[in-house]
Amino acid sequence: MISLRGLSKRYGDRTAVEDLSLELKPGAVTGFLGPNGAGKSTTMRMILGLDRPTAGTALVGGVPYHEIRHPLRTVGALLDARAVHPGRSCRAHLLALARSNGIAGSRVEEVLEAVGLADAAHRRAGALSLGMSQRLGIAGALLGDPEVLMFDEPVNGLDPDGVRWVRRLMRSLAGEGRTVFVSSHLMSEMQLTADHLVVIGRGRLIRDAPLAEVIADSALTAVVVRSPHAGDFSVRLAAAGIRVERSGENELVATGAGIERIGDLAYEAGIRLHGLRTREASLEQAYEELTAGSVEYGARKAEA
Amino acid sequence: MGIGDLGRAAAAEWTKLWSVRSTWWCLAGTVVLMVLSALTLGGATATEMLRDGGTASLPAGEPVVSATIFAQFAPVAAAMLMITSEYSSGGVRTTLQAVPVRGRMLAAKALVAAAVAFTAGVVSGGAAAAAVHVVLSGEPFGGHVTLPPVQTALDLLGVGLFFALVSVITVGVGAAMRSAAGTLTAVFMLLMGLPLLLAATGAPPALEVALRMPLPAGLAFMGSTDNPTGGPIPYPAGEGLAWLLAWTAAAVAAGHAVLRRRDA
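If you read the protein sequences in the order shown, they are chains D and L. Note that the working numbering has the first sequence beginning at 1, numbered continuously upward. Note that the working numbering has the second sequence beginning at 1, numbered continuously upward.
Worth double-checking, as some hints may not be accurate.
Chain D side only, calculated, beta carbon under 8 Å to chain L, not exhaustive [said to hold, decoys possible]:
| # | residue |
| --- | --- |
| 1 | 48 |
| 2 | 65 |
| 3 | 82 |
| 4 | 102 |
| 5 | 232 |
Rather than coming from a laboratory, the hints here were simulated on the basis of the structure. Using N, Cα and C, we set each Cβ at its ideal position, and we do this for glycine too.
Same shape as in the complex, but just chain D:
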């Protein structure tokens, strides 16, 4: 549904996004990850036609955003939850959006109900908490019942209930066959929400792969072996080019090979095993490895 080809954005001599090419597929939640300043928001703004790319194209359903006749019925996006006139009521804000795209006014009450703001419909946007503002922003994204949804940091400011609600919402939107593109800094949340990941750093694509693959490829994803012959086996594994660490008298941790390969090697060597399991890296760990070289605004590590 969304396809980026060679998308680039430069501000003077600073490059925000560099030659980004992606295809976002329907029916999945694609997590958009990267350190601060990596170019996530800029990329989303270019998809929505708000920022003009320096080079390359961003197409939604094969056309540039501005050529979509009723864009809110195709793409729903939440970029900045606070970007509403503080004096305007939730209802009026949504009603104006509905009118601009020929969406029935009854949708306003529906989405307010869906995001849990029905009782706050007449509250002014400036009087909402950050969490409620996020809900209003999500209501705006859902208004046109679009096939594509984009959310920039949607759980910012939400309480744990709200975070779970957003997670279920994303999953169900993708389950309905929609394209869901969501950026977040919360790796634990992304690990629970996303099917697919796009990781960028300093404006460049670092990884575009299914979540499971990103985690499996982490150096911290390892196979834990329990065996009375752990010592012998570690020598065999090292000879096979697999990195091994002894983690106890009868236990070792092997990285750089899948569980099947380790099991086969034990069988071939006739080594008795008492336990064989995969210890998965967390997305947080995998993400840190991927972006280690591209943290733009990272704090300098204190000298030890």
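Since the structure of chain D is already known, use the hints to place chain L on it.
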């Protein structure tokens, strides 16, 4: 495409305009400024006529037209907020997500600003004319003030059109400047500051330019004998409207150029 899409974009702008309090304040301000300015200006003229004696009459529409010199800044403020409040809150990004064709977004705002300012001009002008007639037609002012119906109606339409066009100028400048402070300064200079400065130089070419800026052009179009730059306006009402339309087109073109070029 076409008119239906513009209509929907304008409907959205209409909804947004009436859902914030500042609009109501600006419109109330328009009425108050028109009535007070017209009474003050009309009172001064009537007193002068009384002192000079004679039987000349003062149509109520005359001080009403002159009152626009001061009251124009209330509809200007309403028009300005339609665009600058979106840049200050960031809401312009939501607006452009809904209406991504920039020219259509600008046209929708200009259309709504013009319609509201036109109505505000006619209504506030009517209130001011009525106030002038009620207060100044009595004996202490010598009975010079009259309320000729056709002439007054034409004056009010003129005031409405003038307010509509300065509001569209403001929307254009607002789209180019984005900030409220910048827009207000630029519009004030365009409407008041520059004509006065140019006239103050005393140089004939500068005065010629000053006389063709939006406010003198608008006053000429409305048939006013008042001219803030001093001296008579050396061209007919129709030419005043032409100059005013030219300024409006230039402001909208500037706003559109910036909207298209700059990121939102």
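Hints violated by the structure (listed by number, smallest first): 5
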